[in-house]
Amino acid sequence: MTPKPKRKRSEAVYFWIIRIFNYFIVFIVGYIIFDIVWNGIGAINWEFITGIPRKGGAAGGIFPAIIGTILLSVGTVVFALPLGMFTAIYLSEYAKTSRFTRLIRMAIETLAGVPSIVFGLFGLGLFCLFFGFGQSLLAGCLTLACMVLPIIIVTSEEALKSVPQSFREGSLALGATKWQTVRKNVLPYAVPGMLKGSLLGISRAAGETAPILLTAVAYFLPRLPQSVYDPIMALPYHLFILATQLPDQAKVRPLQYGTAFVLLILVLGLNLLTIYLRVRLRKKYRW
Amino acid sequence: MQSRVRDKIVRLMLLSAASTSILIVVLIFLFIGREAFPFVQQLGLGALFNDRWVPVSFEHESFGILPLLTGSLVVTFIAIVIAVPFGVLSAVYISEIASPREREILKPFIELLAGIPSVVIGFFGVVVLGPIIKVLFGLSSGLTALTGALLLALMAIPTIITIAEDAIRSVPMAFKQASIALGASKLQTIFRVTVPAAFSGIVAAVTLGVGRVIGETMAVLMVTGNAARITFNPLESVRTMTATIAAEMGEVAFGSIHYSALFVVGIILLLITFGLTMIAQRALRKYRRY
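Residue numbers (the numbering used here), protein chains in the order written: chain A, 1 to 287; chain B, 1 to 290.
These are computed hints drawn from the structure, not numbers from a lab. The structure displayed is predicted, hence computed values, not measured ones.
Dumping the calculated DSSO-like pairs for lysine-lysine here, alpha-carbon to alpha-carbon at most 30 Å:
| hint | chain 1 | residue 1 | chain 2 | residue 2 |
| --- | --- | --- | --- | --- |
| 1 | B | Lys186 | A | Lys8 |
| 2 | B | Lys8 | A | Lys178 |
| 3 | A | Lys178 | A | Lys161 |
| 4 | B | Lys286 | A | Lys161 |
| 5 | B | Lys107 | A | Lys8 |
| 6 | A | Lys184 | B | Lys8 |
| 7 | B | Lys8 | A | Lys161 |
| 8 | B | Lys107 | A | Lys161 |
| 9 | A | Lys96 | B | Lys8 |
| 10 | A | Lys283 | A | Lys184 |
| 11 | A | Lys8 | B | Lys176 |
| 12 | A | Lys96 | B | Lys286 |
| 13 | A | Lys251 | B | Lys134 |
| 14 | A | Lys283 | B | Lys107 |
| 15 | A | Lys161 | B | Lys176 |
Looking at chain A on its own, in the form it has when it is part of the complex (with noise of 0.2 Å):
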């Protein structure tokens, strides 16, 4: 066997620190997920996922945030999700590079930079006080959908571009007008991509805390919303309160890893929906 030569040798040194960097993060990641799913199942029984909560939170469980956080996500989207698709079909199909274009994409960098919180101040200042719909849902679906809109109209972006040019061109020279191309020869094979981002919106949604805050939240509510007009309780709310609020924490402890595990699952497992739906897609399609 010959020896290596010292380059390559001290070169294999510096990749394995890198790798060492990569990996450490995966770790942590591994490891906090690890810890949540081992103390939080537990903590889950039929009682924890299905009843109301009781003293205050610190008995009982956690039905009612369960559904606020499902409503909660899917009214964020129905919000959502039209109008980013249509803002991605307008700047992928039709936008020119003019001023006006340029300024639409500045809007959406500046809103995808935007912070969480003052997200929920405009919420509070828009949707709570302005048109009157005080702490709410309806206010929460629509300050978490100005938040998530440019997630959507990036990933719906993305999906359309990915269509071959090819496409549209063999639509138009058969005579269709640009409408008819987008939607029967663009759309058809972005809308799984979309679909992804409506996915991701859904995730980032139910995850917020912040926004929802200032604008839709009640710590204690033993039962659910009557009207789109009512407060609701929500997971990661529930969370915070339980981790920070309430006194003697070691008894509250499993209650606190039950409603991490909870919210883990339900952001993870649409997170983990798209993966697969992405990694489907590019076997399906491949031109």
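Put chain B on the given structure of chain A with help from the hints.
Then chain B, alone, in the frame of chain A:
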């Protein structure tokens, strides 16, 4: 002919949907500004440059934003100092060194980190990281600026990796081939050719990471201890701008001067992140030239 008309209408509809984003940005500035205005009108902007944030007091309220600003800066600075080497080296590893199969697993895994809700990370900080910090440094409480900064670093890392990896991968193959052909090793090529060529993209990645960190609310609210005082010691408790808004908005009377002051803090946050976004986008446009 009819389809032509329909085409025009559809185009108009799509355009108005796209314009909504502009409208939302304008409304954000307008409505936060509207609620912040009474503070500026009654106390003036000068009242902010004060080192005491005592919003509720029998004698004299004080809305000095300096302790909140330094709180945010300390936490952000430490978080970024930690996140940058991890983020950039991971991006280098994923795009240049890892085998394709390894990449297929690593990328989604790191995206998973971005998907973990900040309140769950904050909870992890309260029950696991906080006690570790407490024992490690022999403190009376594990709720410190450092605890918050470590969690924030974790949250900035996926942002940095995703954008930096994209920038590194978009460096043209020809650059690397030329370098290898001249006799450079793979390592030399990565750090003397590829990374410098992707530099503006990496700058954008870090800038957006800073934006993410400075705007993070729940995790810092839960683990930094929330003492509003000026300190640069990472082992002391601090209070950030975001945490202040989240913690105090629930107890404040609508329309009071305290309420308005929280919106002023919000607008300062908004301006900071807006500036960071603009810098990042500028840097991104540079690398997209290739």
